[in-house]
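The residues making up each chain are set out below.
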Amino acid sequence: MRGIITVIGMDKIGIIARVSNLLAECKINILDISQTIMGEYFTMIMMVDMEKMEFSLEEVKARLDKLGEELGVSIKLQHEDIFRSMHRI
Amino acid sequence: MFNPYEIMETIHMLEEEKLDIRTITMGISLLDCAHGDTRILRKNIYDKICNYARDLVKVADEIQLKYDIPIINKRIAVTPIAMIGGAGTEEDYVSIARTLDEAAKEIGVDFIGGFSALVHKGHTDNDRKLIASIPEALASTERVCSSVNVATTKAGINMDAVAEIGRVIKKTAELTADRDGIGCSKLVVFANVPEDNPFMAGAFHGPGEGECVINVGISGPGTVKAALEKVKGKPFDEVAETVKKTAFKITRMGQLVAREAARMLGVPFGIVDLSLAPTPAVGDSVAHILEEMGLECCGTHGTTAALALLNDAVKKGGVMASSHVGGLSGAFIPVSEDAGMINAVEKGALSLEKLEAMTCVCSVGLDMIAVPGDTPAETISAIIADEVAIGVINNKTTAVRLIPAPGKDVGDEVVYGGLFGRAPVMKINPYSSKDFIDRGGRIPAPMQSLKN
Numbered sequence: 075m076r077g078i079i080t081v082i083g084m085d086k087i088g089i090i091a092r093v094s095n096l097l098a099e100c101k102i103n104i105l106d107i108s109q110t111i112m113g114e115y116f117t118m119i120m121m122v123d124m125e126k127m128e129f130s131l132e133e134v135k136a137r138l139d140k141l142g143e144e145l146g147v148s149i150k151l152q153h154e155d156i157f158r159s160m161h162r163i
Numbered sequence: 075m076f077n078p079y080e081i082m083e084t085i086h087m088l089e090e091e092k093l094d095i096r097t098i099t100m101g102i103s104l105l106d107c108a109h110g111d112t113r114i115l116r117k118n119i120y121d122k123i124c125n126y127a128r129d130l131v132k133v134a135d136e137i138q139l140k141y142d143i144p145i146i147n148k149r150i151a152v153t154p155i156a157m158i159g160g161a162g163t164e165e166d167y168v169s170i171a172r173t174l175d176e177a178a179k180e181i182g183v184d185f186i187g188g189f190s191a192l193v194h195k196g197h198t199d200n201d202r203k204l205i206a207s208i209p210e211a212l213a214s215t216e217r218v219c220s221s222v223n224v225a226t227t228k229a230g231i232n233m234d235a236v237a238e239i240g241r242v243i244k245k246t247a248e249l250t251a252d253r254d255g256i257g258c259s260k261l262v263v264f265a266n267v268p269e270d271n272p273f274m275a276g277a278f279h280g281p282g283e284g285e286c287v288i289n290v291g292i293s294g295p296g297t298v299k300a301a302l303e304k305v306k307g308k309p310f311d312e313v314a315e316t317v318k319k320t321a322f323k324i325t326r327m328g329q330l331v332a333r334e335a336a337r338m339l340g341v342p343f344g345i346v347d348l349s350l351a352p353t354p355a356v357g358d359s360v361a362h363i364l365e366e367m368g369l370e371c372c373g374t375h376g377t378t379a380a381l382a383l384l385n386d387a388v389k390k391g392g393v394m395a396s397s398h399v400g401g402l403s404g405a406f407i408p409v410s411e412d413a414g415m416i417n418a419v420e421k422g423a424l425s426l427e428k429l430e431a432m433t434c435v436c437s438v439g440l441d442m443i444a445v446p447g448d449t450p451a452e453t454i455s456a457i458i459a460d461e462v463a464i465g466v467i468n469n470k471t472t473a474v475r476l477i478p479a480p481g482k483d484v485g486d487e488v489v490y491g492g493l494f495g496r497a498p499v500m501k502i503n504p505y506s507s508k509d510f511i512d513r514g515g516r517i518p519a520p521m522q523s524l525k526n
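These protein sequence lines map, in sequence, to chains A and B. Residues 75 to 163 (this note's numbering) are what the first sequence spells out, left to right. Residues 75 to 526 (this note's numbering) are what the second sequence spells out, left to right.
These aren't lab readings, by the way, just hints derived from the structure by calculation. There's no promise every hint is true.
Said to hold, decoys possible - Derived pair list, reagent style PhoX-like, types lysine-lysine, alpha-carbon separation capped at 20 Å: (1) B:Lys389 x B:Lys318; (2) B:Lys245 x A:Lys140; (3) B:Lys140 x A:Lys126; (4) A:Lys135 x B:Lys319; (5) B:Lys140 x A:Lys135; (6) B:Lys508 x B:Lys245; (7) B:Lys140 x A:Lys101; (8) B:Lys319 x B:Lys304; (9) A:Lys150 x B:Lys140.
Claimed, not checked - Just so you have them, the derived chain B footprint on chain A, three or more residues with Cβ under 8 Å: (10) 104-112; (11) 144-153.
In this text the structure is predicted, and so the values were computed from the model without any measurement. Every residue, glycine too, gets a C-beta built ideally from N, C-alpha and C.
Construct the complete structure from the given sequences, taking the supplied hints into account.
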């Protein structure tokens with residue numbers, strides 16, 4: 075399963091590092107990463123490969139939520155198919 | 075890789091604009107449950123529903139987790155109970171409704187539809203008993219929904235059934251008077267009822283359907299309104315294009331969820347219902363879309379045209395996004411469940427007559443409308459007759475869900491909370507329709523040519 079992780083919030087030092095670290099702990103591989111400022115918000119989008127993921131999706135999402143709270147940003151993980159179905163014919 | 079704007083657009087729809095899957099509804103055929111002994115029939119029904127729908131809620135939760143799409147309701151639709159009721163009594167039908175309620179609670183769905191009868195041309199004995207049992211059935215259950223089809227374009231209007239259902243609605247309100255007549259919110263009267271509608275209260279699993287099926291209803295008024303905010307003041311061509319594109323995206327999401335749910339449950343995918351279904355929450359209103367097009371308040375002159383454009387564009391955008399479209403597929407305009415509609419009624423901008431006109435160009439009819447508690451049964455029947463006539467002549471589905479609010483009058487309101495919201499009691503025409511309704515019989519099927 076491939077997923078899309080989006081991190082949205084105020085920019086600060088170490089967001090990418092902390093998120094990447096957590097993903098490595100969960101054995102989630104980052105395939106692509108892009109970062110931009112949209113309006114006043116820092117927006118990071120990652121495409122990840124979750125084939126070798128060592129925890130359940132529920133557990134990983136709970137950990138991402140917790141990290142998001144610590145960093146003061148919103149972190150979402152969604153299966154890529156929702157974006158594919160909406161934006162590709 | 076997707077571009078960041080596409081990804082952010084989707085996230086924005088889900089987070090800010092309240093896009094959600096309104097319902098995943100599993101249709102289950104109960105035809106093989108029929109039995110002359112009501113106790114055995116009830117056991118058959120209970121066992122079959124629990125067996126087929128055991129994993130429905132779990133699967134919906136998993137899909138919600140995987141895609142981060144809110145799935146608001148999980149529901150069951152079954153074969154119209156009048157078709158399998160056997161030779162029981164009125165009390166037996168009430169007991170069947172209680173069994174449906176127990177099954178719904180056991181599997182954790184919020185509503186179960188199909189306490190229904192199709193009487194557009196005539197009644198069987200079973201139809202008669204089921205319809206007579208509706209008030210008690212709805213008063214003594216929590217999650218059971220009932221519907222009666224009283225007219226079709228091919229058969230005309232069964233005016234005996236229309237007269238009868240007016241009395242049934244009154245009695246249902248009386249038996250649930252302590253809860254503002256909430257029983258009536260679970261009872262819909264139809265013309266040209268679809269057999270695969272996933273939305274309550276009118277869902278049932280039609281006799282032409284297969285053994286078991288997954289149908290999905292989407293939502294998304296907030297998303298359409300947000301898209302229209304970006305084309306303020308532009309000509310209608312652009313408005314229609316914008317609605318189409320948005321409807322396409324919303325429906326693709328519905329299609330994805332429907333396919334996934336069908337795959338995980340090992341059940342065929344039926345249809346996606348292309349309806350804009352509002353909720354009482356701020357930012358989730360069909361009325362506000364119409365106002366975004368330039369109307370000061372929903373209900374004023376121009377409302378019917380705005381709704382016609384909206385309804386048509388949603389369908390045009392949606393049909394290409396899904397392999398099978400069905401159900402009601404049209405913008406819903408329930409009064410109590412739409413913050414903008416409630417506001418329009420309270421301001422005096424939206425009348426029952428205007429709502430009737432609006433139903434000529436969209437589904438699904440006079441929906442969740444509270445009328446004074448002392449409205450005569452014949453007047454309720456006459457309102458139903460008017461509405462089903464629109465459906466029959468125009469070859470479309472129309473429906474009526476009226477609440478004669480016990481002990482209340484114009485200026486009062488009924489409050490249900492949750493998805494049902496609150497409804498201001500609306501003014502009705504004070505003149506009698508009694509002699510008209512008392513005639514009974516059938517209004518013949520209409521011409522299908524010379525359509526002026």
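Against the structure, the hints come out as follows:
{"no.": "1", "hint": "B:Lys389 x B:Lys318", "in the structure": "8 Å, holds"}
{"no.": "2", "hint": "B:Lys245 x A:Lys140", "in the structure": "53 Å, violated"}
{"no.": "3", "hint": "B:Lys140 x A:Lys126", "in the structure": "16 Å, holds"}
{"no.": "4", "hint": "A:Lys135 x B:Lys319", "in the structure": "31 Å, violated"}
{"no.": "5", "hint": "B:Lys140 x A:Lys135", "in the structure": "10 Å, holds"}
{"no.": "6", "hint": "B:Lys508 x B:Lys245", "in the structure": "17 Å, holds"}
{"no.": "7", "hint": "B:Lys140 x A:Lys101", "in the structure": "18 Å, holds"}
{"no.": "8", "hint": "B:Lys319 x B:Lys304", "in the structure": "13 Å, holds"}
{"no.": "9", "hint": "A:Lys150 x B:Lys140", "in the structure": "11 Å, holds"}
{"no.": "10", "hint": "104-112", "in the structure": "holds (count 4)"}
{"no.": "11", "hint": "144-153", "in the structure": "holds (count 4)"}
Taken one by one, the earlier hints fail for this structure at numbers 2 and 4, listed in ascending order.
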